[in-house]
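Chemist: Sequence:
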Amino acid sequence: MFARVFSGGLLGLESYRLEVEVDCSGGIGQIHIVGLPDASVKEAQERVKAAIKACNFLVPPGKKWTVNLAPADTRKEGPVYDLPIAVGILAATELVSITYLDDFWFIGELGLDGSIRPVSGVLPIAMAAKNSGVYGIVVPDANAEEAALVDGLAVYPVSHLQQVCALLKDPRNVARLQIKPGDIFQSRLAVRTECEDFSEVKGQHQAKRGLEIAAAGRHNILMVGPPGAGKSMLAQRMPGIMPPLTFNEALELTKLYSVAGLLRDKTTVLLKRPFRAPHHSASAIGLIGGGVVPKPGEISLSHMGILFLDELTEFPRSHLDTLRQPLESASVTITRATQTLTYPASFLLVGACNPCPCGYRGDHLKYCTCTPTQADRYWSRLSGPILDRIDLQVNVARLTEDELALRKSGDSSETIRLRVERAVARQRGRLSEKSFAFNAHLTPRQLLKVCAMDEKARLLLAQAVTQMGMSARAYDRILRVARTIADLGDRDEVISDDLAEALRYRTMSRIA
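Counting from 1, position 358 in the sequence shown corresponds to residue 358 in the working numbering; the numbering is continuous, with no gaps.
Since the hints were made in silico from the structure, they are not lab data.
Keep in mind it's a predicted model, so treat the numbers as computed, not measured.
It is possible that some hints are incorrect.
List time: in silico PhoX-like cross-link candidates among lysine-lysine, alpha-carbon distance up to 25 Å [what the hints assert, rightly or not]: (1) 130 with 434; (2) 53 with 63; (3) 295 with 42; (4) 180 with 130; (5) 42 with 63; (6) 53 with 64; (7) 49 with 63.
Using the sequences and the hints, build the whole thing.
Modeler: Structure follows, in structure tokens:
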């Protein structure tokens with residue numbers, strides 16, 4: 001007998017309808033899986049046979065089951081297809097009812113005892129199921145809340161293969177998950193952990209100001225200073241001053257981490273903006289993404305959050321140069337012989353490094369032992385195009401004795417975040433929701449529309465272009481930073497003070 005069961009396959013961040021076709025014919029009692037399965041899919045035959053046996057089903061002896069995963073020209077990976085294969089075999093041998101078979105998609109990994117274990121990529125598959133018009137989706141119990149984030153789709157959590165058989169006999173035998181996506185989001189918000197606070201950082205008012213501007217307009221920033229000045233400490237507190245994720249942003253981020261298999265307990269809705277800090281020994285594939293089985297890299301995992309590259313000058317120059325295109329397009333395309341995948345990469349780059357190899361160039365207490373040639377060679381690890389894409393360059397100096405003695409220094413993260421949220425609200429108010437972009441990502445046409453300057457500011461910018469030899473990209477980026485500074489000051493027009501501050505952040509990275 002023939003049976004067809006529906007499931008979902010993954011292609012990057014997107015999912016498609018996958019048909020599991022099972023044909024039962026004479027043979028030697030084996031399960032043969034075709035349709036470009038990888039090793040983990042082929043191993044499903046042993047898990048499926050043991051799980052069916054554990055449920056006390058008497059499978060007809062001397063039968064061969066051919067399982068086709070369609071479309072056959074797309075590679076299938078992972079244990080997500082164990083459950084639909086088992087259901088297909090039971091339906092093909094008439095051991096379960098097929099009345100409701102077409103009403104559901106099935107996903108899940110099977111244990112040898114018939115238990116159903118959680119899998120990765122449930123959210124995009126649930127979205128594809130909703131778009132296909134199917135009634136419901138059957139998922140592992142631990143993945144139920146993730147699938148329930150899709151509104152309008154009936155979610156049936158199961159923990160054992162026998163529950164699936166009861167569901168196919170009569171869907172009323174298994175309870176569906178009765179919870180709204182918004183309720184899941186709000187319940188997670190209520191238990192959200194607090195971020196580290198900016199008030200714990202002593203001194204460094206200029207660096208804090210630069211990070212506030214970066215958070216408000218999504219500008220890339222580089223902090224330069226001697227060891228122990230507080231660069232890493234400042235960067236780690238950046239998520240606390242950025243606006244909280246909206247439901248749609250949390251949904252997109254959860255989808256990305258679900259595909260990457262990084263949801264910790266498979267039930268978590270991501271609520272905090274990502275903070276990724278890869279070591280400088282990370283490979284280019286680790287940063288950008290890819291591999292034999294293409295997966296998102298660090299730049300995609302920091303989507304809508306922060307990519308912190310500590311010891312920036314220790315990263316290989318070739319690795320840093322691969323960031324040039326994603327920094328402009330906010331996405332990365334991974335091309336392989338068999339497929340091309342695009343992952344989002346709209347991240348805020350925060351870099352930190354020392355001013356020279358010994359770390360003390362320009363320090364007022366310790367003497368720098370580096371020669372000018374060594375310092376120039378050190379800075380040459382950062383290419384001109386990469387520095388051109390960093391809007392804010394801030395010096396983080398050693399703290400004075402008075403600053404170290406302070407118990408509390410400056411505004412709290414909440415106070416700064418409220419200012420950032422007001423600036424973001426001004427940006428949203430200038431553009432329609434469909435065409436909205438943060439100041440750092442404004443198109444030339446949008447920049448011309450929103451960046452009105454007074455005459456004094458125009459003259460200052462013209463003089464700066466002549467003296468500093470700016471590129472066209474640097475010119476636009478200074479305007480974008482000035483627009484953000486004006487937004488933080490609740491000004492509709494960019495004034496000369498805003499422009500002067502933006503210019504100052506552009507020329508501070510190299511310490512004389």
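Chemist: Could you work out which earlier hints the structure fails to respect and list their numbers in ascending sequence?
Modeler: Violated hints: none at all, because every hint is consistent with the structure.
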